[in-house]
Amino acid sequence: MSEQGNAPELRIELWDKGDLGLLRQSGSPEMTVNFGGQDTEERNLACHERYYEIPQKGTGRVFKVLLLPHLEVVCSLGYCNQT
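All letters in the sequence shown, in the order written, are residues 1 to 83 by our numbering.
Honestly, the hints are just simulated from the structure, not real lab data. None of the values given here were measured: they were computed from a predicted structure. Treat the hints with care, since some could be wrong.
Here are the simulated distance ranges between beta carbons [as the list claims (entries may be wrong)]:
(1) 79 - 35: 13 to 23 Å
(2) 5 - 46: 40 to 50 Å
(3) 42 - 7: 33 to 43 Å
(4) 56 - 5: 31 to 41 Å
(5) 5 - 49: 34 to 44 Å
(6) 81 - 46: 12 to 22 Å
(7) 8 - 42: 27 to 37 Å
(8) 65 - 6: 12 to 22 Å
(9) 5 - 53: 37 to 47 Å
(10) 76 - 7: 17 to 27 Å
(11) 40 - 7: 34 to 44 Å
(12) 43 - 6: 36 to 46 Å
The beta-carbon is built from N, C-alpha and C at its ideal position, and this holds for glycine as well.
Construct the complete structure from the given sequences, taking the supplied hints into account.
The structure is reproduced here in structure tokens:
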């Protein structure tokens, strides 16, 4: 493994109720131009609730990735269990 002396430090946290803004940002017209365009607010709210409930149901996890030291949220990622 190579040394990453200047690599940014990250923290990964579970998606929580306060992360709706991240979902809106990642679904902006600029971010979705190649995926058919921006989602509706109704769809954002439903998706946010689903992301929040996934770990409670035991069907997967959704995370946000924060850039340290300022705790800037830089992306989200997740997985679902196969059925």
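Quick rundown of the hints versus the structure:
Checking the proposed 13 to 23 Å range against residue 79 and residue 35 shows it holds: the Cβ atoms sit about 20 Å from each other. Take residue 5 and residue 46: their Cβ atoms lie about 43 Å apart, and the range 40 to 50 Å holds. Range check, residue 42 to residue 7: about 39 Å between beta-carbon atoms, so the 33 to 43 Å window is met. Checking the proposed 31 to 41 Å range against residue 56 and residue 5 shows it holds: the Cβ atoms sit about 39 Å from each other.
Residue 5 and residue 49 have their C-beta atoms about 41 Å apart, which keeps the hinted 34 to 44 Å range intact. In this structure the hint that residue 81 and residue 46 lie 12 to 22 Å apart at CB holds, the actual value being about 20 Å. Residue 8 and residue 42 have their C-beta atoms about 35 Å apart, which keeps the hinted 27 to 37 Å range intact. Range check, residue 65 to residue 6: Cβ separation about 18 Å, and the 12 to 22 Å hint holds.
The hint said 37 to 47 Å for the Cβ distance between residue 5 and residue 53, and at roughly 40 Å that hint holds. Range check, residue 76 to residue 7: about 20 Å between beta-carbon atoms, so the 17 to 27 Å window is met. Against the hinted window of 34 to 44 Å, the Cβ-Cβ separation of residue 40 and residue 7 comes to about 38 Å, which satisfies the hint. Between residue 43 and residue 6 the C-beta distance comes to about 39 Å, which sits within the given range of 36 to 46 Å.
Checked against the numbered hints given earlier, the structure satisfies every one of them.
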